[in-house]
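Chemist: First to last, the protein sequences are chains A and B.
Counted the way this note's numbering counts, the first sequence spans residues 1 to 364.
Counted the way this note's numbering counts, the second sequence spans residues 365 to 967.
Bear in mind the hints are in silico, worked out from the structure with no lab data behind them.
Treat the hints with care, as some may be off.
[Said to hold, decoys possible] As a list, the in silico BS3-like pairs of lysine-lysine whose alpha-carbon atoms are at most 30 Å apart: (1) Lys377/B <-> Lys179/A; (2) Lys369/B <-> Lys14/A; (3) Lys374/B <-> Lys128/A; (4) Lys783/B <-> Lys799/B; (5) Lys377/B <-> Lys128/A; (6) Lys179/A <-> Lys783/B; (7) Lys179/A <-> Lys799/B.
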Amino acid sequence: MNRLITNILNHTDKQISILIIFLMTISLYLIGEASGFDSVFFFKQLFFIMLGLIVYYLVSIFNINMIYRYAFFIYLFSIALLILTLFLGHESHGSKRWIDLIYFKLQTSEIIKLTLPIVLVKVYDMNKKRSIHFNEIFALALTIIPFLLIFVQPDLGTSLIILFTGFLIIFLNGLNYKKILFIVLSFLIISPYLWINVLKDYQKSRVLNLLDPFSNPLEGGYHSIQASIAIGSGGLFGRNSSSASQVDLSFLPETHTDFIFAVLSEHYGFIGNIIFFTVVILLISRAMHISLNLHSHVNRVLASTYVIIFTLCFFINVAMVSGLIPIVGVPLPIISYGGSALIVYLILFGFINSLNNNKTLIAD
Amino acid sequence: MQQDKYLFNKRIKFLSVLFGLFLVILISRLFWLQIYKNDFYDQRSEINSTRIEPLKPLRGIIYDRNKNVLAENRLAHSLVINIENKNREEIQEIVSNLKKTINLSELDIEFFKKLMNQKKFLKELPIKANLTLNDLSTFVGQKYLHPNVELKEDFIRYYPESLYTSHLIGYINRISAADLKNIKENPELEDKYFGLTHIGKQGVEKSYEDILKGRSGFKKIRVDSRNSFVRDVEVKASTPGTNIDLTIDIILQKKAFELLKKYKGAIILTNVESNEILAYQSLPSFDPNLFVNGISHVNWNELLHDPTKPLLDRVIGATYPPGSTIKPFIALSGLENKIINKTSAINDPGFYTLPKTKKVFRDWKKEGHGRVDLITAIAESCDVYFYDLGFNLGIRNIANTLEQFNFGSITNIPLPSEKSGILPSPEWKQKYKKKKWYSYETINTSIGQGDFLVTPLQLVNALNTLLNNRQLPKPKITLNDDDKLLDSVTEQVGSSENINLIKQGMIEVTQENGTFRSISSKNPNKLAGKTGTAQVFSLKNQDYNEDLIEDDLKDHSLFIGFAPYDKPIISIAVVIENGGHGSTAAAPVAKELVDFYFKYSNE
Chain A
1 MNRLITNILN HTDKQISILI IFLMTISLYL IGEASGFDSV FFFKQLFFIM
51 LGLIVYYLVS IFNINMIYRY AFFIYLFSIA LLILTLFLGH ESHGSKRWID
101 LIYFKLQTSE IIKLTLPIVL VKVYDMNKKR SIHFNEIFAL ALTIIPFLLI
151 FVQPDLGTSL IILFTGFLII FLNGLNYKKI LFIVLSFLII SPYLWINVLK
201 DYQKSRVLNL LDPFSNPLEG GYHSIQASIA IGSGGLFGRN SSSASQVDLS
251 FLPETHTDFI FAVLSEHYGF IGNIIFFTVV ILLISRAMHI SLNLHSHVNR
301 VLASTYVIIF TLCFFINVAM VSGLIPIVGV PLPIISYGGS ALIVYLILFG
351 FINSLNNNKT LIAD
Chain B
365 MQQDKYLFNK RIKFLSVLFG LFLVILISRL FWLQIYKNDF YDQRSEINST
415 RIEPLKPLRG IIYDRNKNVL AENRLAHSLV INIENKNREE IQEIVSNLKK
465 TINLSELDIE FFKKLMNQKK FLKELPIKAN LTLNDLSTFV GQKYLHPNVE
515 LKEDFIRYYP ESLYTSHLIG YINRISAADL KNIKENPELE DKYFGLTHIG
565 KQGVEKSYED ILKGRSGFKK IRVDSRNSFV RDVEVKASTP GTNIDLTIDI
615 ILQKKAFELL KKYKGAIILT NVESNEILAY QSLPSFDPNL FVNGISHVNW
665 NELLHDPTKP LLDRVIGATY PPGSTIKPFI ALSGLENKII NKTSAINDPG
715 FYTLPKTKKV FRDWKKEGHG RVDLITAIAE SCDVYFYDLG FNLGIRNIAN
765 TLEQFNFGSI TNIPLPSEKS GILPSPEWKQ KYKKKKWYSY ETINTSIGQG
815 DFLVTPLQLV NALNTLLNNR QLPKPKITLN DDDKLLDSVT EQVGSSENIN
865 LIKQGMIEVT QENGTFRSIS SKNPNKLAGK TGTAQVFSLK NQDYNEDLIE
915 DDLKDHSLFI GFAPYDKPII SIAVVIENGG HGSTAAAPVA KELVDFYFKY
965 SNE
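The shape of chain A in the complex, shown without the other chains (with noise of 0.2 Å):
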C-alpha cells in the first residue's frame, strides 16, 4: 500500500493532482447542489471521479512517448467512432453525440479532442524535413475530417474547438503571418456565406439572442437571461439556498451540466467565483510551467496545446453562461456532470504528468 502511495507521488505532480481533486470536490458539490445529492447526477459523477483519478493515474505511470508509434491509428480509431456515432449515435436534444455502451454513453468527439493534438504534433515531427506547406495542409486535413463530422452531429461548440486545436498546432509550429493574415480574412470573406447556409436556425437565433436576449424571452433567450439573472442576483457573496431562484426552482434548466457555473456563482456570488477562478488559474499556469520546460519541441506543442485548450474550454464556457458569447454547448471542464467529459480531461492532465515523467535527458 505504502509502496503504491509512494509511487502515485512519484508518477504525478503533487500540485497538479491536488488542484484537480480540488476542482472534483467543487463540481461534486454543485451537482448536489444542482440536481440533489442524491439524485442519480450526483452518484454517476462520483463513479466517474473515483474511475478518473484511477485513469489518471494509469496514464501518469505510462510512458506516453510511445504513444506516437500509434498516432495515425489512434486518429482512425478516433475517426471510425465519429463514424460510427453518425450511423449509431445515441440522439438527445436533436443531436447525436453519443454511442450508447450499455452502462454509458461515450461522447465521442471528446476523445479525439485528446487524440488529434497527438497526430498533428506526430505529422510535424515525422516530415520535419519536407516543406511547412506540405505539413500544414497535410495538418489541416486531418484537422478539417473530424471538424466536419462533429459539426453535423450537430455540436458547433466541439468542432469549433477542433478547428481550433488544428490552428493551434500549425500557429505553435510557426505559421506565418501572412497565412494568418490570409485566413482571417478569408474567414471574414465566407463568414456572410456561413451564416446564410451553413449554420441553422437555432445557432442563427442564439446569436441574435445574445446581441438582445430579453427581446425573445421565452425561445432562445430564456437561458441566456435566466443565466445572468442567476450570476447577477448572486451578488457579491451568494445566496443561500433558500433564497436562491435560479437554480434551485429550476427557471435555469441542466443546471448541472453546461450552465453550472450559474450554480457557483448565484450560490458563491462573486467572491465564489474569484476563488474559484483563482484555483483554476493555479492548475493552467502549473499545468503550463510543466509543459513549457518539456525537453522535446514535440512534447511542448503537445503538452501546451493540451493546457490552452483546457483553457479555452474553460474561458468559452464562462463567456457563454454570462452572456458574453453565443450559448454554444461547451461544459466547463472537469466541473460540469459528464463522464467522458471528466475522464479525457483527466487523461489530458495524465498525459502531462506522463510527459513531465518521462523528459528526455537531453533538452532540445
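Could you slot chain B onto chain A? The hints should help.
Modeler: Leaving out everything else, chain B in the frame of chain A:
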C-alpha cells in the same frame, strides 16, 4: 531546433497575453453582473420566483334592525378547470366533456371563454359557480371522468329575503370591464380592489361598498419554474368587511310587500323623530340572487323589458306628481306668509276662475265644498281653496316654503341613483323649458300638479320635517351611522302654532268629514294624513270616469300619514301607480301597515 523553440516561446507568450485579456474581460463581466447590476438581477430573480395570491375577504353581512340576515355569504361549490400546460383545443375538449356530466349554461361558457381570452397565466379557471346539490352529487359520482376538473369551495353572496329586500339592499355582481377600467384609473382603488371579484351594483350593496367589501390579504409564495408551489414566504390575513345593521324591520318589510303585492308602487314607513326608515318597499320586485354571479341574458332581458319595470326602485327612482298630498305644505306657506289665518275662509262653488282671465279650474267635487276654512280645506282636500291660496301666495313664496321641505332636491339618503324630482318655479322653467312662467302654473303647483314631481321618499321626508318642525338630516337606513347631525339641525320650518293647525287639518282627514273618513270609526292607532290623487293624463272638458280609462292612464293614488296623531311615532308614504283615488287605494294600504306596526310592536 533552437529556432523552433524561440518561435514557440514567442507564440506562447502571445497566447498568454491574449488569454490574460480574456480573463480580464470575463472578470469584468462577472463584476458587472454580480456587483454593478446586482439589484436589477435580484429583482428579476424575485419576480421569477414569487407569486402573490390574494386571500379574499368575506363581505360584510347586512342585517335588519333585529339582526335578521338580509345579505350573507354562503359556502358554495364551484368547478374549476385546470388549464396549466394545456392548449385551446385540449381545454375545449375538457369543457365539452364536462358538459356531458353537468349542465353548463351559455353564460357559464361565455364567462369561461372571456377569462380564457384574458390570457393571464392562471393555473385554473372557474367554469361553473354555485353548484346545485344535484350537480354536486352528479359530479362527485363521475369525477373520475374529469381528471382536469376540480371541485372548489367558495363563498357567494346570498340574499335570503330575496324579493322582499331587493330594491333597498340591491345586489353585487362580478366586476365588469367598465368597473375595472374605473378601478385601474385610480391607483388607490386598484389597491383596495386587489383580489376582489365582485362589486356592489345597486342599493345598500353599492352605497356601502367601501365598508362592506373588506380588504384582501395575500399569500406570497415561492414557486419554481413550473409555477408549482414551493413554500410560503409571507402571509397577510384578509380583513373582512364591516357588517351593517339596517333600520328596516324585515317583518314590516314583508307586510308592506304583501299589502302592495297586487299593485305597482312604493311604501316607506319611517320613524318620525329619527327619520329612520322602517320599511322600504317598491313593487314589483325581482330576485337579487340572479345577479350575483352574472345574470343570464334571458333573465336580464326579461327583467329589462318587463312593462311593470321590476328593476325600478319606485321609492327614490321614480317621480310622481304629489297631487293633494302637497296641500298641507301649501297651507303652511299661506300661514307663514300671513296670506291666510286659522279663520279665513272662502266660498267654493265647485270651480275657480283665474283672476283677469277666463280660465276656469274645477274642483274635484263638482258641486263645490261651500264655505271652507283652512282645516276643512285640508280635510276635504278642497281644490278651490288652494287655487285661491296659491294665486295669492305667488309661485315664489310657494317655492321658498317647499324648498325648506327639500322638494326639488335629493334627500341624500345613502342609496345610489336617487332622483330629485322637480319643484317648478319661474327660474326652473326658464332654465329647462326656456319659457315664461304663467300664473295658471302657480295654480297647478298649489294642488301638486303640472310639472311638479316628487319621489315617495321626498314626501315622507317632508312630512317628517313638518312633524318635527325642523329641517332634517338625510333619511337614515343604517343603525351604525352616527346621530350627531340629527341634533345639530335646529332651524324651524314654521311657528308651532301654524304647524299644529296643519296637523289638525290632517287629523280631520280621517274624521267623519275627511277624505279618508272610511276609517273614522275604526282608527285605534290614530292615523292622520293626507290623501292625494295625481293625474297621469289630463282630460280636457271630459269627466274623469275610472271605468272608461285604460289602466296605465288611471290616476296615481297617494297617501302620506302619521300615527298616533297626538304624539306621532311613525310616518308613512304610499304611492300606488294607476291606483285611482288616494282614499281608495293608497290610504287603506297605509292604514293596514300602520295598524300592523302597532299590533306588532306591542307584542
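Chemist: Quickly compare the C-alpha distance for lysine 377/B and lysine 128/A to 30 Å and report which way the hint goes.
Modeler: The given pair, whose Cα atoms are some 24 Å apart, holds under the 30 Å limit.
Chemist: Lysine 179/A and lysine 799/B were given as a pair; does the straight-line alpha-carbon distance stay at or below 30 Å?
Modeler: violated, 103 Å
Chemist: Decide if the proposed pair is consistent with the structure: lysine 377/B and lysine 179/A, CA atoms, cutoff 30 Å inclusive.
Modeler: holds, 19 Å
Chemist: Compare the distance between the alpha carbons of lysine 783/B and lysine 799/B with 30 Å, and conclude whether the hinted pair is satisfied.
Modeler: Holds: lysine 783/B and lysine 799/B sit about 23 Å apart, inside 30 Å.
Chemist: Within 30 Å, alpha carbon to alpha carbon, are lysine 369/B and lysine 14/A?
Modeler: Satisfied, since the Cα-Cα distance of roughly 27 Å is no more than 30 Å.
Chemist: Is lysine 179/A within 30 Å of lysine 783/B, Cα to Cα?
Modeler: Violated, at roughly 95 Å.
Chemist: Against the 30 Å threshold, does the CA-CA distance of lysine 374/B and lysine 128/A hold or violate the hint?
Modeler: Within the cut-off at roughly 20 Å; holds.
Consistency with the previously given hints fails for numbers 6, 7, ordered from lowest to highest.
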